[in-house]
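I would like the entire structure built from these sequences, with the hints used as guidance.
Chains as they are written, first to last, in the numbering used here: chain A, 1 to 264; chain B, 1 to 264; chain C, 1 to 264; chain D, 1 to 264; chain E, 1 to 264; chain F, 1 to 264.
Check before you lean on any hint, since a few could be wrong.
Intra- or inter-copy, both count: the list cannot distinguish identical chains.
Stated by the list, open to error - Within a straight-line C-alpha distance of at most 30 Å, the following computed BS3-like cross-link-like pairs (lysine-lysine) qualify:
{"#": "1", "residue 1": "K258", "residue 2": "K12"}
{"#": "2", "residue 1": "K115", "residue 2": "K151"}
{"#": "3", "residue 1": "K115", "residue 2": "K221"}
{"#": "4", "residue 1": "K207", "residue 2": "K258"}
{"#": "5", "residue 1": "K197", "residue 2": "K135"}
{"#": "6", "residue 1": "K205", "residue 2": "K245"}
{"#": "7", "residue 1": "K115", "residue 2": "K12"}
{"#": "8", "residue 1": "K115", "residue 2": "K150"}
{"#": "9", "residue 1": "K150", "residue 2": "K221"}
{"#": "10", "residue 1": "K151", "residue 2": "K197"}
It is worth saying that the hints were derived from the structure and are not from the lab.
Number of protein chains: 6
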Amino acid sequence: MRENNVRNIWAKGGAVINGWLGIPSSVAAENMAQAGWDSLTADLQHGLVDYQAAVGMFQAISTVPNTTPLARVPWLEPGIIMKLLDAGAMGIICPMINSRPECEAFVGACRYHPKGYRSFGPTRALWYNGGDYYKHSNDSVIAFAMIETKKAVEDLDNILSVPGLDAIYVGPADLAITYGVEPSGTPDNPIVVDAIKQIVAGARKHKVAAGIHCGSTAFAKQMIGLGFQFVTLMADNALLAGAAKSAVGDMRQGGGVKPGGGLY
Amino acid sequence: MRENNVRNIWAKGGAVINGWLGIPSSVAAENMAQAGWDSLTADLQHGLVDYQAAVGMFQAISTVPNTTPLARVPWLEPGIIMKLLDAGAMGIICPMINSRPECEAFVGACRYHPKGYRSFGPTRALWYNGGDYYKHSNDSVIAFAMIETKKAVEDLDNILSVPGLDAIYVGPADLAITYGVEPSGTPDNPIVVDAIKQIVAGARKHKVAAGIHCGSTAFAKQMIGLGFQFVTLMADNALLAGAAKSAVGDMRQGGGVKPGGGLY
Amino acid sequence: MRENNVRNIWAKGGAVINGWLGIPSSVAAENMAQAGWDSLTADLQHGLVDYQAAVGMFQAISTVPNTTPLARVPWLEPGIIMKLLDAGAMGIICPMINSRPECEAFVGACRYHPKGYRSFGPTRALWYNGGDYYKHSNDSVIAFAMIETKKAVEDLDNILSVPGLDAIYVGPADLAITYGVEPSGTPDNPIVVDAIKQIVAGARKHKVAAGIHCGSTAFAKQMIGLGFQFVTLMADNALLAGAAKSAVGDMRQGGGVKPGGGLY
Amino acid sequence: MRENNVRNIWAKGGAVINGWLGIPSSVAAENMAQAGWDSLTADLQHGLVDYQAAVGMFQAISTVPNTTPLARVPWLEPGIIMKLLDAGAMGIICPMINSRPECEAFVGACRYHPKGYRSFGPTRALWYNGGDYYKHSNDSVIAFAMIETKKAVEDLDNILSVPGLDAIYVGPADLAITYGVEPSGTPDNPIVVDAIKQIVAGARKHKVAAGIHCGSTAFAKQMIGLGFQFVTLMADNALLAGAAKSAVGDMRQGGGVKPGGGLY
Amino acid sequence: MRENNVRNIWAKGGAVINGWLGIPSSVAAENMAQAGWDSLTADLQHGLVDYQAAVGMFQAISTVPNTTPLARVPWLEPGIIMKLLDAGAMGIICPMINSRPECEAFVGACRYHPKGYRSFGPTRALWYNGGDYYKHSNDSVIAFAMIETKKAVEDLDNILSVPGLDAIYVGPADLAITYGVEPSGTPDNPIVVDAIKQIVAGARKHKVAAGIHCGSTAFAKQMIGLGFQFVTLMADNALLAGAAKSAVGDMRQGGGVKPGGGLY
Amino acid sequence: MRENNVRNIWAKGGAVINGWLGIPSSVAAENMAQAGWDSLTADLQHGLVDYQAAVGMFQAISTVPNTTPLARVPWLEPGIIMKLLDAGAMGIICPMINSRPECEAFVGACRYHPKGYRSFGPTRALWYNGGDYYKHSNDSVIAFAMIETKKAVEDLDNILSVPGLDAIYVGPADLAITYGVEPSGTPDNPIVVDAIKQIVAGARKHKVAAGIHCGSTAFAKQMIGLGFQFVTLMADNALLAGAAKSAVGDMRQGGGVKPGGGLY
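If you want it as structure tokens, here you go:
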């Protein structure tokens, strides 16, 4: 069984630098995989990515040795969770886990009997991990429940105490919205920051790893300072748009080239 | 007939800021198209892009109003040149034009009789440009011959005087190689710089627009200073890789998070 | 925020001419988009279309300025509803809404808190609509509940009074079947016609817009006469098959060319 | 060996009704295949279709028993001609055959030694035709040289006498252009009509079958009257656009629904 | 209406030899279809196959006359069940049917009113079956409930007595796991064998056909001996891997070629 | 620079066991890559594989450490040769090299100046090989000229003495055809066997490695015995078809299950 790099980093007390894939292309994914992320997550929720594209993206990630492939699913729906695990995702991030039964349903979908109700039939997961996948997968695959609503924060202990839950993942934008605050990738509103602190404290209490979506490296470092062990930096599409706008902007500014003409 | 934004900028004496697409994905292309480029070129030569992907990428570019779709073809082969024009490319960049007959063959592939031998059957080009495409396309479509070898520089006047040639495009890396210099996206070797200057001077003499591939905005500005009217900034995959590596590097540096653990 | 053309037409008291896309191809979609529809719906239920194909189809629709992209989802499943909204659908048609709780679950999936439980993370929706999407999307995105069973007709007031429901959409074939009548695209059975009239009357009473699937332009005009404000004409595959059969039929008939020979 | 339906119709003295596929979708192709064409041609020249899409389209055509799959290649390039034959095309239409050497090169690419230089390795062609494909393919596969320029008409006897040439195919639009006439799908300019008549007469003289691209069923019938044995009706994208525009136009006309409102 | 080959074989008292498709490729599917299977199942659960790939695979199966296309869905989710039926699947295998309500929900998704709640809109199913599909599909489409857990075995009579259930399908690996036994494709553990025998006996009692997943032809023959009427042999990916490993192994063994050199 | 496994084996005096990929699927390719081949060749000539599919297939091969990715191109066309090299092919097999100028044109397309005319712009080749690709690629990339006609055998010395030619590759089927013999994957006709022996002797004389396409492991072993250092075993589609037919055949034979019924 191939080692799960995310679990290894956690075991050493480190924090995982996670990249995020919203472009449905194995080429963009391999491109991203050159950057040395600890893990890369195919985002099937808000990314423009479907299952079949994700398979190619997992293959692309597998061309580099030490980046763990993860996936965020569109919703708590067992079909897609299990399909992504069979395709080689070594962890699943599930949005909108707002109650204990939802958390139980999610964790169960990630585990074979008797720890869950996952159906057996790994295919690419076997190619990626080796022939002893069945024996070790319940201990290797990581279940991340997204805590991203006021309701979930209020029910935190109940959710975090579900047996087999490995980690939580904070979506700051949805969290803000449910507290009546405008969404942001780098939230500084005290209400939101306070909720984030509650979540990380709860995770620590239940010995559950804490991850969070971050809109900048500065915010990510701040979150590691708060105790998060898994930080996601901007998605590929955000990185690409940022770099492109910056290049175009640099050309246009300061006596540069205006759209539609005007010499430098 | 839709106006060709590149020709408009040239008519006003401006320089075109061109983006470059090497990721075979209409989503990455639409993402790039948000950045306000004057034109975007699907690269079917060194990009990981084939014809069918390019069609989707042209559709993506067409979702924004003022960015002209161009394509670089893999080689001087009439089939792919004409297919891309029919798919809506408003200009073709053709690699390795090293002689006058090659330049004539290239220009002819971009024009209907009597100016060339392009076969008639626009499909998406009609959707994009309107019903009078036949009447205006010979004057709208731009033929860019790549001048990128010592041999081509030595035969420059012959190549540049081919009737109907609109523009040339410099590939500094191949140019360097054929002069025995290591390839670079921002060449500063005097031999290469001198060849570039010869090319732009020749273009000016023949009233042919001059374009060049650039590895940085600083180099692009320098090239506009030399008289280039069309500068390409780094390809989407280079922009994405740069941004990703920068984000990961920022996290890892200065007491940051090391791969495989080590707390921030 | 880009204006929603469907809402604009309704605001002016007009009826929307909607096209239907069942061929999973961005090229077929752009081809359809040339015809000047007010809106075009990617059909992920009975069309041969999946999410990834729909993304390309939305890009194709976005190449024309005034046609609003909509989608019909396969079923009341939150994952796909939210994915399509993030991909830029400006309205969702959801099949088989047969009860008030189903209608509430559907409307909630289309709206951010506090009006619903949609998760935040527009990507292509931002590209298409602009940076203020979050602020306006709850008011722009249209939720169409399909009323297409006897059970739904019997519970019409309960369903139509769900807050935030913008529109209903009649599927005459399923409606017929649940009344024990053979399905038809242009129903004239009095039982079915009577049910359609009940639905449009209910919609009017609850100030909910009424849409319907139509098998001919004649039937569509008749439905507008009944008060429908949104009529779908035949799907692309039906239009194409009709045109092809008509062309072949014309060649074969009246002394024409028989399959397998026989001169004209 | 499966019989080639096109050859069978010709043997009986009949004319082939050929459909044309420019939408790169196996679904659109299967949709078209329902209409009962004698043959269907995947157009890799002006259609928006590449090799990989064509494979799926050939599979779609193979779901019906009596429609022969053909392909038009982008240009006289041996690679794509042979790939399409291996994929199961039972005939190749090659554009712009303007000289005897071009015709010889084309015919040779379609035949195994000693009649040509096609490389051996049918794959899907074997699945489609059966295990004796090698033995019969040289006699079954049809080579159609496009005669579509003034130059080709002037050299007609030389071209048509190339051994192994089965058929010619007229592209009336390119033909018109090279005679200085505006392109049309239903040409009536006497210069063009006269050239067409010369071509069909030459074909008859050399016992080569004559085919032509037609913009309407009326024109197709007229061409059969002139002696053509193979007529192509409008491409799928033209049929679809025509049907869609007709449906929208019908809704908008005569007090109908205007874009942007206005009740019927 | 095209006859359902699986039902025909059952009517004659025969056993169906079913192939299994886990490679998301219409080419691999057509390749498999050359082997003369009675039916071929696109596996959207553990196969690496999504809906859009399955459409192409069904087209590939339709190129041969007597192999019935089936699909296994990822989970009991109505959207994907109905989409696959509309795409031409003539039977659905649904995993993890562990209770009577689950079985009822599954069977209902496969049938039009009044036998179920399937929504009407066949598209490819019409092309494949003909215009009278609506009239006959409730009697032709086969609903296979997977019995693959201890819980399901314990509730067997309740599940098997659901009206309209045509067949059950045993997944021996999941069955083993839920009995605490290691999964195997050719189970010989008495606990598992006994459970299998209970299932086939129950099926016989309720006049429901019994199918099973088999890891070898020997096991498949044994299962037919037990009374199974539908046996699946190894998936395409298992067949391909087996053949490839066998070829490589043969080359390397017995003084053969070692990886990294060593002459034969 | 990553080491080229094929060159390593040759340096050690070993023979390379090469697999062959004709199914256009990254999943089938990864499946094949599990079998431990020394190299895997994406076949863009007779395989059903285009450039874009090949990119995904190269990614799939890169998920395993010691299998070198190669490609066979459709024809001696520079565009596709260079595209595949940029995509990461570490060797190119080019069909139908029948003369010295053809061989020179082929070898030149694989090498940067001054050894050839390959254009610079590796993308995926850099990801796969590392940043020093330019420095080492001329020495790592392998150029295999296919010797597969009587004409080529007659001109063998001229072809084999082209500087930079690394290897030849025999296509026994085309070779047989040009000698007037029926094509076979395991030729035993003395004329063909004699030609094969001439080729391997010529290769040895010119210190060019010799490879050959083999229809069985027995034939491959025989060829290694003759001095071949590179043997290809059956393509994935042949392996899959063989395994499937064998499984079905086993079920049907000896009182087994007949198609259409008949109990075992």
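### Task
Please name the hints from earlier in the document that this structure breaks, with their numbers sorted from lowest to highest.
3 and 6
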